[in-house]
Amino acid sequence: MEKERFEKVRKHVRSEAALEAGDVLNKIKDNFPDNPEGMNYFYDLLSRQFSEGILPKNGKKVIGTMCVQVPDELILAVDAIPIRVCSGSFPYDNAGAEFMPAKTCSMIKAIMGLFSVENYQKKFDMLVIPTTCDQKKKTTEMLTDMGYETYSLSLPSRKDNDNSRHYWQNSVKEFAADLMKKTGKKITTSNIKKAIDLKNNARYEFRRFFNLRKKSPSVIYGKDAFLVANAYFVDEVESWTSALKNLNDELEKRVNKNFSIVNQKTPRFLFTGSPPIFPNMKIPLLVEEAGGLIAVDEVCSSSRLLYDMPAYDEGALYDMIPAIADCYLKPCTCPCFVPNEERKDKLANLIDLFNIDGVIYQSFSGCQLYEMEQKLIGNFLMEKGIPMLYIESDYSKEDTGQLSTRIEAFIESIKIKKKSDLKGKRATK
Amino acid sequence: MNKFKKYINNVNISRFRFWFQIFAFIIMVYGGFLSIDIGENLPTFSCPYIDKGGGTCFLMGLQHRFTLPIDQLISFRGLAVLTSVLFFVSWFIFFNKAWCGYICPLGTLQDWFTKLRQKIGIRYSNYSEAKFKKLKKIKYILLGLLILIPIFMANSIPFIGKLSHDWAVPFCMICPGRTVLPLFQGDASQLVIDYGSKTKMIFTVLGMAITGMFFAGAFFKKRFFCFFCPMSALQFIFKKLGFLRLIKDGTKCTKCGDCYRACDMGIREIADDIESKDIIKDDCMMCFKCVAACPEEKCLKVNFLGKTIYEATEEGFYKRQKGKK
Ligand code: SF4
Ligand code: SF4
Ligand code: SF4
Ligand code: SF4
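Heads up: the sequence lines are chains U and X, in that order. Here our numbering is used: the first residue of the first sequence is -14, the next is one more, and so on. Here our numbering is used: the first residue of the second sequence is 88, the next is one more, and so on.
Be aware that one or more of the hints could be misleading.
Listed next, with one range per pair, are the computed distances between beta-carbon atoms [said to hold, decoys possible]:
#	chain 1	residue 1	chain 2	residue 2	range
1	X	Gly393	U	Gly409	45 to 53 Å
2	U	Gly409	X	Lys92	31 to 39 Å
3	U	Glu397	X	Ile180	55 to 63 Å
4	U	Lys238	X	Phe110	24 to 32 Å
5	U	Asp147	X	Leu203	23 to 31 Å
Just so you know, these hints were derived from the structure itself, not from any lab. All C-beta atoms in this analysis are idealised placements derived from N, C-alpha and C, irrespective of residue type, glycine included.
Use the sequences and the hints to build the structure in full.
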């Protein structure tokens, strides 16, 4: 009886999730002109993720990861498949709300909903969760309680001294040892080198993509850029890299032909804060449908995902594994770190590089870290004279109307400012 | 021009340095055989204890010149000290601290030990940064002593009197340059203990011990001796005059630490200091491995007289990492 009821719930939530994903994808595709051909790969992949599920069927071990700090190189080295399981799905968020505390962040609820509705116990050989925010930390124990094999990857709260660096390097070493035990495969200099190269190829294309987005007026919408990075969560590295290479080549042609999707007057935004994860594209879509452009972002589900590259000095495990570790800790601008001055530096740099007119800051309600850091970032941007819109939201659609009014007003104000700036520039010329 | 620049920025600097160091080593250690003598007052350990070397280390002359009574030191004879410093500086400013990274035979020798260790596959040792920071002050103490001791050979210290002649060239007595470099010409005569006097004996024993530490240290910690080298301390005083510069644009830095990881001297500021433009620290040997390891476009640069000759680029970084064995 119980089992049947469970099966019914699962079917229901699944179909709801697939519907939501389909809806959002249609919006992304149909409400905008000039979608690059190269995006079709990513659209198809994400739609398949929700209609068919994307768990690989090739018999390889599957390791679920959360947060950006899990070094996938190690997982690739033991010939397993890393899949980032952070979820942006509202039906799963709803399912999680049944048993999670009311003030939990949507992403955590969605993850917990996903793993309670779907019985993935046999599908994932391990779920790796770094000790980032308190909510992520505690999910580890709850998931263990639900019968999942979990691994808590211990991340320090500081990254600005050598002690924490060594602490983290040791954590990563322990993780590597555990992976070897679980998978029965040894990490060797040659397979880790292969894994680093594989991921670096992906990073190289990602950098190219990042650089192509600097072009103003832009050659690609932010909504598409989010999807490209989101697809990396679930795709195989090699196929993802070659798909992105195709897209980059196409965008390069656009740049050479001086073709752009928007015009000089379109306000350019920097998106920061809690990560939009497909299908939760609510805020990015509202911004771009209202005539803004998300030129770049500083979120862990997109631009931060593959930006930083490791450099090892000696081609031996004792140097390569710590080198990998360093690259996930030192430049990371997650608000779980104190101090996190690097986030301000990075935002300032992005504002310069991408000709940014304004910043959109999203916090998931219940995500204390991003909510609190909003004050610090807000003050910093105010000093720099960059307008910021702060939005607190979750995965539901209830607040869409009210949000779109605020976003439209913000975009209008920036358009007016931009117009007078442009005039001013012309006048001085 | 752009193509050429790109070519240079994609260069594998470690390989270039490896060959350059061999070339410099040959000149410094075997120069005499090739009738090459670069000159005196060199800001590097081209040790005159080598029979047919290619130049002379500044520290030797410096210690001799300071063996003067104070009144003479501040009179016209002090000028000799000054001119020698001038010569030293004029050699120095061309390459700045790259004398250490590219030319010093003792530095090169230590790098070869590192290569050997890597070949065997033994890991390097880590030290806690805090402890090592204190040890690194030793080089300034050595620099002070190598000037003060000669002065006290010519001037009496209250209650003790003048130091005897056995104290002559005190740093040379303990410098691995004297004991190790002549070995490359088959000359092991410096590897002996001098029983002539108590002072001499202590000095030569100390010299042997330091030589032992030089070898053992170089094997486990990259450039171990360089942390304590008074030449490096002396060079650092004049770093502002150097034509060759290591420049950082902190706004482009993500503090990723890739440069810090590459740095054989463990200079953390190279990653964490985003304020300084002129980023040379006292231990830096200007090897420029950090520039090669930086993935941020134009974040670290090598300038010569204000002109950029080598800089970090995304492409160069990616190529070098991919090409790693
Ligand atoms: S610091 Fe090292 S490389 Fe420089 S002079 Fe001293 S021994 Fe030579
Ligand atoms: S022994 Fe050392 S300090 Fe003295 S001259 Fe030789 S290299 Fe220079
Ligand atoms: S490698 Fe470059 S970006 Fe990274 S910390 Fe060093 S200087 Fe900064
Ligand atoms: S800071 Fe750079 S140039 Fe200086 S020693 Fe370190 S790696 Fe070499």
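Hints and how they fare:
Between Gly393(X) and Gly409(U) the beta carbon distance is about 34 Å. The supplied range of 45 to 53 Å is therefore violated. Here the CB-CB span from Gly409(U) to Lys92(X) is close to 36 Å, well matched to the stated 31 to 39 Å. Judged by the Cβ atoms, the range 55 to 63 Å given for Glu397(U) and Ile180(X) holds: they are separated by roughly 59 Å. One distance hint, 24 to 32 Å for the beta-carbon pair Lys238(U) and Phe110(X), is violated here, with the actual separation near 47 Å.
Between Asp147(U) and Leu203(X) the C-beta distance comes to about 27 Å, which sits within the given range of 23 to 31 Å.
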